[in-house]
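Enquirer: Sequence lines, in order, name chains A and B. Using the working numbering, the letters of the first sequence correspond one by one to residues 1 to 188. Using the working numbering, the letters of the second sequence correspond one by one to residues 1 to 280.
It is worth saying that the hints were derived from the structure and are not from the lab. Remember, predicted model here, so these are calculated numbers, not experimental data. Hints are not guaranteed to be accurate.
No farther apart than 20 angstroms at their CA atoms in a straight line, the calculated lysine to aspartate or glutamate pairs in the EDC-like style are these [said to hold, decoys possible]:
id : chain 1 : residue 1 : chain 2 : residue 2
1  : A       : K161      : B       : E252
2  : A       : K55       : A       : E43
3  : A       : K161      : B       : D218
4  : A       : K161      : B       : D25
5  : A       : K55       : B       : D218
6  : A       : K161      : A       : E173
7  : A       : K55       : B       : D79
8  : A       : K55       : B       : E31
9  : A       : K55       : B       : D166
Just the calculated beta-carbon pair ranges, DEER-fashion [what the hints assert, rightly or not]:
id : chain 1 : residue 1 : chain 2 : residue 2 : range
10 : B       : P40       : A       : E3        : 32 to 42 angstroms
11 : A       : E173      : B       : E178      : 52 to 62 angstroms
12 : A       : A63       : B       : P207      : 41 to 51 angstroms
13 : B       : P67       : A       : L157      : 35 to 45 angstroms
14 : B       : E31       : A       : A23       : 32 to 42 angstroms
15 : B       : D9        : A       : A23       : 29 to 39 angstroms
16 : B       : G271      : A       : Q133      : 29 to 39 angstroms
Note that beta-carbon positions come from the ideal geometry of N, C-alpha and C, so glycine has one too.
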Amino acid sequence: MAEGILQRVANGDQEAVQQCIDAYGALVWSLARRYSPSLGDAEDVVQEVFIDLWKSASRYDPAIAGEATFVTMITRRRIIDRRRSASREPARSAADLRELPLMGAEAAPGPAEQNEEAQLAAEALRQLLPEEQQVIRLAVVDGWSHSQIAAHLRIPLGTVKTQVRRGLIRVRELLGASARPDTAEVAS
Amino acid sequence: MNGRAMPHDQRIQQLLADRATEGLDNTAEVELSNWLDANPLADADGLELAAAAILIALGERSVVSEPLSESVRIGIRRDARVFFAGKDVAASASPVGNALDQNRRTGVSVRPLPAIYRIGWYAAAACLLLAVAGWLPGVRTMALRSGTDRPPASASIDGFTRVNPDVTRLTWTPNLPEYQGVSGEIIWSDRAQSGFMRLSGMPVNDPTIAQYQLWIVDPRRDERPVDGGVFDISGGGGEVVIPIRSKLLVSEPVVFAITREKPGGVVVSAGPHLLVAAVR
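Just chain B, with the same shape it has in the complex (with noise of 0.2 angstroms):
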């Protein structure tokens, strides 16, 4: 289909097909990860078109009653001036070169942060608290959540820095007594707009009455946490290594949380914050 080579592993092939219906858990998604990884040369996307190819083939004529609203439409400018906006910032540290080559030769610098954040990441994570308390209702849903959602192309940590020189690692600091067991890092690229979690001594949840949300704090946006997804802790001890993607564009994110909220995660967290990683 395009030069690349269809899995002959049967099973990758499952995990491929299963990836193009009704998607992966978040294991799956991490072993097909890995494997694509070390056959970069393997067909990842021919399934997915093929299905795509499918839903036009046979997916009846809909017709909506609704047309795109204008806000939705206004909404997908803003993200695309933002996002290109980026890539134009990184463009211009270098006369040479497209926008991505400049990305891997300089990096993304880090801009100082605005000055309610420079007074230390205890009062940022004050301020995230007072920003949690005065979300407004009715805030549109910050889509899916991590559990289920596709990890950044290099599984692997060494290869996801490899290619995404702008990586920030930031640490964990429990915030809650029944938290100081836990240590671990964020790290994240503004470039790839993913990352990971390593989290160690993180108390097991049970799903069905409580699961962890990760929120991502980008004071450029309108001042409300994006939903970074829900995720569970299992027994078995270790440390956990979870893949992260913003659903939201965010720039460049301060403060990265975690809370423990019902499952399926909320719109609007009433906290209290269990970990926070921010920048210094």
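Just chain A, with the same shape it has in the complex (with noise of 0.2 angstroms):
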């Protein structure tokens, strides 16, 4: 099976990593622009992110996730990170969150291009309540924190967190169960 461009930049291949920023850069920016507060702070997380999945490639297991998947999780591990040492709360309106100009040429990637993952993802979280669904759309994509959540829908802090607990578990639960087939393995 052909190695993928996560694999080859793990192993050093420059031409890898050319093809990773023109693969992920758009994906990259548009979550990054999408919960940053300016554009220079969106350039930021750009720029570390791409350096974080440097770091993790070598990490990046295909048996797992899908490579779109990971560059997600890397991409939000980042995200989280700047926001809570800015102390940063997201705006309370989630509205506030998409207002995005819609005239721009360069676009995440659109329900037909989803992943394996997010397929079961999505059929996962039908199999939860609606409120626990809330929750975890908040907590996930509004990026809202648990306090925020909890003093919105005027639930208890302890019911937001078991809630966003139970849900991404029951995500894991599914995405595991559907584990690809094993392929290389890459070094950790």
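Hints in hand, dock the two standalone chains.
Expert: Dropping the structure here:
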């Protein structure tokens, strides 16, 4: 089986580095732009994420998840870290986060490009109660803190945390049940 | 999901879920890292991957008005060249094995300091002061603060030094009279781009008034110290151990310094430097 981009990056393939930027630059940029308070902040995020990718490429295992999912994980991790460090609470209105001008050329992958994990995640979420789905969406997609969610929905913080935990574990279980066939092992 | 087991401990499950959504504070991050260190077969990334899959599934198609700028693309490619050049240097030290194996077997040698730093650590600190004074306004924010940054995978120092043989240990030297009682060290790995700070006797700070900020000087970067993050010292006495991670790639830092800044830290520090740790 042909090596993926991240596996080749881990092996020091310089051509793969450029291919990684070309393949995932738009994804990282769209996430950074969505969750950053400014253009400059988003640019910092993108640079930091790619450094994280160079460091993490050797840990990527195609048997666990697709490259887009791995890249999204690395990007979210960096965005969350920056948000905490700036003690910055996300906008209360979900709409605030989505008001990006619709004039551009670069776009995040849409439904037609959703990968296998995304489809399984959507299926797992459909199995949750509506209120649990709402909590997961606010926490993961809208980036609200658990305290914000609790205040907005007027439910105990502990309930929010439990619903987030159970929801993520449920998605993880479904992803694990449909694990990809073993491919080349990646050195850790 | 990956042959690794989800922890049965509900506390650990919650920490993993919190990390995958809103992040963890330093104390919780260290707790989780310690647990994962002690349980290497546990699934450390599963919930974050699940969250990523959810985001891809539910995140609406976002069209941004401005594409990724060419200057950022250039910066990404530059960082990649520096990063992989470092791996190549390590690999060339031995004819056999991959780059990571090379680092483990041979370590990373400390290259001679540029002349400006060879005149002693006092001069190095003075140079840092000059560099601080000369910092240009509008320097891009050097990113996030270590108070919430993810610590190295091996939160224990012993474990960290075991897996990173290139570790450098530098002793803190107080620079101001009121910090003369402070002792400790920096433990840093170029390969991991992370490490620890050990501090004893550091005065307590009120984070609503001021926070300590770590700076990392890498002469091969653009002469501007890299922000190592802000941190707080709370009451209780004793030694504190703080995980640190550079937000930008540093190749061979020669000076670490701590300043005291407004809450959240600053992009440009006016000093003074409370503590300095320099390569001799």
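Enquirer: It remains to establish, for every hint, whether it holds in the given structure.
Expert: Cross-check of the supplied hints:
Simply put, K161/A and E252/B have alpha-carbon atoms about 41 angstroms apart, too far for the 20 angstroms limit, and the pair is violated. Restraint check: the Cα-Cα separation between K55/A and E43/A comes to about 19 angstroms, which is no more than 20 angstroms; the hinted pair holds. Distance check on the hinted pair: K161/A and D218/B sit about 41 angstroms apart at the alpha-carbon level, beyond 20 angstroms; violated. A hinted pair counts as satisfied when its Cα atoms are at most 20 angstroms apart, and K161/A with D25/B qualifies at roughly 15 angstroms.
In summary, the hint linking K55/A to D218/B is supported, as the alpha carbons are separated by about 19 angstroms, within the 20 angstroms threshold. This hinted pair checks out: K161/A and E173/A have alpha carbons roughly 18 angstroms apart, not beyond 20 angstroms. About 11 angstroms separates the Cα atoms of K55/A and D79/B, which keeps this hinted pair within 20 angstroms; it holds. For the proposed pair K55/A and E31/B, the alpha carbon gap of about 23 angstroms is over 20 angstroms, so the pair is violated.
The hinted pair formed by K55/A and D166/B meets the criterion: a straight-line CA distance of about 16 angstroms does not exceed 20 angstroms. Roughly 26 angstroms separates the CB atoms of P40/B and E3/A, a value that falls outside the hinted 32 to 42 angstroms. Roughly 55 angstroms separates the CB atoms of E173/A and E178/B, a value that falls within the hinted 52 to 62 angstroms. In this structure the supplied range 41 to 51 angstroms holds for A63/A paired with P207/B, their Cβ-Cβ distance being about 43 angstroms.
At roughly 40 angstroms, the beta-carbon separation of P67/B and L157/A lies within the given 35 to 45 angstroms, and the hint holds. The beta-carbon spacing between E31/B and A23/A, approximately 36 angstroms, falls within the hinted interval of 32 to 42 angstroms. As the Cβ distance of D9/B to A23/A is approximately 37 angstroms, the hint placing it in 29 to 39 angstroms holds. At about 51 angstroms, the CB distance of G271/B to Q133/A disagrees with the hint of 29 to 39 angstroms.
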